[in-house]
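Asker: Protein sequence lines, in the order shown, are assigned to chains G and R.
Numbering-wise (full-length UniProt numbering), the first sequence opens with residue 1 and increments by one.
Numbering-wise (full-length UniProt numbering), the second sequence opens with residue 1 and increments by one.
Treat the hints as calculated values from the structure; they're not laboratory data.
Be a bit skeptical, because a hint or two may be false.
Unchecked claim - Derived DSS-like pairs: lysine-lysine, alpha-carbon spacing no greater than 27 Å straight-line:
1) 229(R) to 511(R)
2) 282(R) to 511(R)
3) 117(R) to 105(R)
4) 105(R) to 114(G)
5) 219(R) to 229(R)
6) 114(G) to 219(R)
Computed from a predicted structure; not experimentally measured.
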Amino acid sequence: MSDSAPDRSAARGPDYEAVAASEPFQRLRRRHRGFVFPLAVLFLVWYFVYVLLAAYAHDFMATPVIGNVNLGLLLGLGQFVTTFVITMAYVRFANRRMDPEATAIRHELEEAEK
Amino acid sequence: MTAENNPVLNIAIFLAFVLVTLVIVFRASRNNRSAADYYAAGRSFTGPQNGIAISGDYLSAASFLGICGAIAVNGYDGFLYSIGFLVAWLVALLLVAELMRNTGKFTMADVLSFRLKQGPVRTAAAVTTLVVCFFYLLAQMAGAGGLVALLLGLNGPVAIGIVIAVVGVLMILYVLIGGMKGTTWVQIVKACLLVGGAAIMTVWVLAVNGFDFSALLQKAAETFGASQKAADAGLDGAALLAPGLQYGANPLDFVSLALALVLGTAGLPHVLMRFYTVPSAKEARRSVVWAIWIIGAFYLFTLVLGYGAAALVGPDAILAAPGGVNSAAPLLALQLGGPVLLGIISAVAFATILAVVAGLTITAATSLAHDIYASVIKKGKPEPGREVKVARWTVVGIGILAIIGGIAAQGQNVAFLVALAFAVAASANLPTILFSLFWRRFTTRGAVWSMVGGLASALILIIFSPAVSGGPTPMIPGVDFHWFPLSNPGIVSIPVGFLLGIIGTLSGPSKEDRRVAAEMEVRSMTGHGAEKASDH
Numbered sequence: 001m002s003d004s005a006p007d008r009s010a011a012r013g014p015d016y017e018a019v020a021a022s023e024p025f026q027r028l029r030r031r032h033r034g035f036v037f038p039l040a041v042l043f044l045v046w047y048f049v050y051v052l053l054a055a056y057a058h059d060f061m062a063t064p065v066i067g068n069v070n071l072g073l074l075l076g077l078g079q080f081v082t083t084f085v086i087t088m089a090y091v092r093f094a095n096r097r098m099d100p101e102a103t104a105i106r107h108e109l110e111e112a113e114k
Numbered sequence: 001m002t003a004e005n006n007p008v009l010n011i012a013i014f015l016a017f018v019l020v021t022l023v024i025v026f027r028a029s030r031n032n033r034s035a036a037d038y039y040a041a042g043r044s045f046t047g048p049q050n051g052i053a054i055s056g057d058y059l060s061a062a063s064f065l066g067i068c069g070a071i072a073v074n075g076y077d078g079f080l081y082s083i084g085f086l087v088a089w090l091v092a093l094l095l096v097a098e099l100m101r102n103t104g105k106f107t108m109a110d111v112l113s114f115r116l117k118q119g120p121v122r123t124a125a126a127v128t129t130l131v132v133c134f135f136y137l138l139a140q141m142a143g144a145g146g147l148v149a150l151l152l153g154l155n156g157p158v159a160i161g162i163v164i165a166v167v168g169v170l171m172i173l174y175v176l177i178g179g180m181k182g183t184t185w186v187q188i189v190k191a192c193l194l195v196g197g198a199a200i201m202t203v204w205v206l207a208v209n210g211f212d213f214s215a216l217l218q219k220a221a222e223t224f225g226a227s228q229k230a231a232d233a234g235l236d237g238a239a240l241l242a243p244g245l246q247y248g249a250n251p252l253d254f255v256s257l258a259l260a261l262v263l264g265t266a267g268l269p270h271v272l273m274r275f276y277t278v279p280s281a282k283e284a285r286r287s288v289v290w291a292i293w294i295i296g297a298f299y300l301f302t303l304v305l306g307y308g309a310a311a312l313v314g315p316d317a318i319l320a321a322p323g324g325v326n327s328a329a330p331l332l333a334l335q336l337g338g339p340v341l342l343g344i345i346s347a348v349a350f351a352t353i354l355a356v357v358a359g360l361t362i363t364a365a366t367s368l369a370h371d372i373y374a375s376v377i378k379k380g381k382p383e384p385g386r387e388v389k390v391a392r393w394t395v396v397g398i399g400i401l402a403i404i405g406g407i408a409a410q411g412q413n414v415a416f417l418v419a420l421a422f423a424v425a426a427s428a429n430l431p432t433i434l435f436s437l438f439w440r441r442f443t444t445r446g447a448v449w450s451m452v453g454g455l456a457s458a459l460i461l462i463i464f465s466p467a468v469s470g471g472p473t474p475m476i477p478g479v480d481f482h483w484f485p486l487s488n489p490g491i492v493s494i495p496v497g498f499l500l501g502i503i504g505t506l507s508g509p510s511k512e513d514r515r516v517a518a519e520m521e522v523r524s525m526t527g528h529g530a531e532k533a534s535d536h
């Protein structure tokens with residue numbers, strides 16, 4: 001196990017602090033957090049709005065919409081829809097905006113190690 | 001109901017399934033040599049394969065039998081389980097999966113101890129892993145026991161105890177022989193069978209109702225309105241379609257459960273471990289996306305199946321059956337397709353329990369062997385081959401514990417035990433995972449406070465909750481020592497876990513190595529230095 005554990009004492013290996021402070025890495029980090037944090041807040045808020053309605057607004061949720069399908073069922077199915085949409089949006093973002101830059105930084109690190 | 005049941009058919013179908021999967025396990029395990037092979041399947045699975053296996057791990061007896069039963073008997077309130085279990089995957093996808101895959105090797109503790117002190121953090125993480133796995137295992141075992149009565153036509157605690165022991169021994173064999181690769185293949189086979197079976201039943205239920213979901217709801221409400229359960233509670237049929245049937249008297253408990261469900265998944269150790277069986281973070285992402293689609297589709301099926309069971313079987317017949325609320329899905333199968341469909345569905349349900357138990361066991365064994373034995377006791381220098389040997393012995397030990405616990409946990413509420421596992425995972429694991437991935441200043445002290453405090457508060461609140469004593473269906477009947485009003489501790493213990501992480505970090509000096517913190521951040525974002533697929 002020890003062979004590939006991070007080496008804490010020796011100064012060999014890439015200068016990670018310099019990489020972490022570099023402009024490309026900082027840009028990657030900002031881009032990642034700028035996308036996932038607001039999205040995480042968004043779906044959690046929407047989830048808890050739904051949960052609080054289901055917990056405290058029974059009559060509102062029981063409002064019939066289409067036949068016997070009521071507002072509560074539709075909002076619940078809406079949670080499924082938003083989950084699928086956010087999943088697809090994230091994959092698109094990660095494939096296009098994250099992967100190329102992350103790979104470039106990794107290649108640079110691997111080059112420096114040779 | 002059980003008169004139409006055909007135990008011989010059930011057992012034949014069940015045994016056929018066990019044989020097929022054992023052959024797969026034997027074939028898959030021919031190349032199990034290194035620790036990476038045993039724990040992480042040589043990191044050789046593709047994203048889609050692993051995504052199906054994740055679905056297999058996640059769609060446990062609680063998902064199939066528990067949710068169908070909850071919707072059939074408690075209507076809309078049971079639907080919350082489906083939604084919480086699904087939305088929770090966004091936390092895993094957006095915040096945890098890829099970063100964990102890039103920084104870890106085999107276990108959650110690998111990531112948590114990357115830049116913090118090995119000893120205390122690994123030990124605490126291994127303890128929370130073991131506790132979560134144990135509660136999850138108990139839930140599966142207790143579910144298996146209740147089902148056996150219905151599925152195989154057995155009765156009495158001794159017969160059920162014997163079947164639990166058989167399931168336990170089978171599980172030990174699976175994990176001992178197959179390791180992670182064999183277990184992953186079992187999950188893949190089982191996930192396909194479970195989702196396929198649920199899909200067939202869903203189409204069937206809709207076809208019976210002329211593909212009119214509203215008509216199905218109408219029929220479910222009518223059956224419910226005419227039932228003894230509705231009469232006892234003084235409700236009309238429409239109550240089944242609106243929220244409040246189960247949690248109307250205590251809505252805060254509903255919110256607490258919702259919190260535990262949505263934050264628990266990304267802290268479940270057996271799910272986290274699955275991210276290491278793929279070769280890269282990109283494959284980890286693909287596998288979570290596959291899992292979200294499969295799990296989402298499955299939970300849509302359970303909505304139809306739950307209301308279908310309410311309409312076609314009725315809450316009174318379900319509650320009177322030997323398996324109680326958990327028997328809704330099998331009874332629906334019996335109603336639709338007779339003993340043959342019941343036999344198939346019960347074989348799938350058994351396989352589900354077996355496979356989930358195997359996945360949990362290997363996670364617990366890895367945690368003990370890799371985190372406690374190899375890393376803490378042997379300081380990262382175990383003798384060659386010893387670590388896998390310790391893992392195998394741990395599997396035997398945990399198997400025996402699960403058998404004993406499962407027999408003792410007979411008749412206890414399965415959904416409660418699973419929600420408890422989620423609450424513990426969300427309180428003890430998730431705060432430390434998120435802080436160590438996203439907060440550079442986070443310290444060893446913060447991690448230990450958060451894990452120990454989150455675990456302790458969740459356990460204490462559960463022990464003194466109405467679910468254990470004093471409630472309507474307590475685990476310990478006849479006594480009442482509860483003072484916590486909610487049956488799920490999440491709404492208190494999860495904030496406690498997060499707060500202790502913050503207070504522990506800010507109140508102590510920041511002694512952690514800035515260089516290692518930078519290394520972890522660079523690795524987690526770029527995948528630099530992450531373990532690749534191992535060659536055979």
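Asker: Run every hint past the structure and note whether it holds.
Answerer: To see whether the hints hold, each was checked on the structure:
| no. | hint | result |
| --- | --- | --- |
| 1 | 229(R) to 511(R) | 61 Å, violated |
| 2 | 282(R) to 511(R) | 33 Å, violated |
| 3 | 117(R) to 105(R) | 17 Å, holds |
| 4 | 105(R) to 114(G) | 23 Å, holds |
| 5 | 219(R) to 229(R) | 16 Å, holds |
| 6 | 114(G) to 219(R) | 70 Å, violated |
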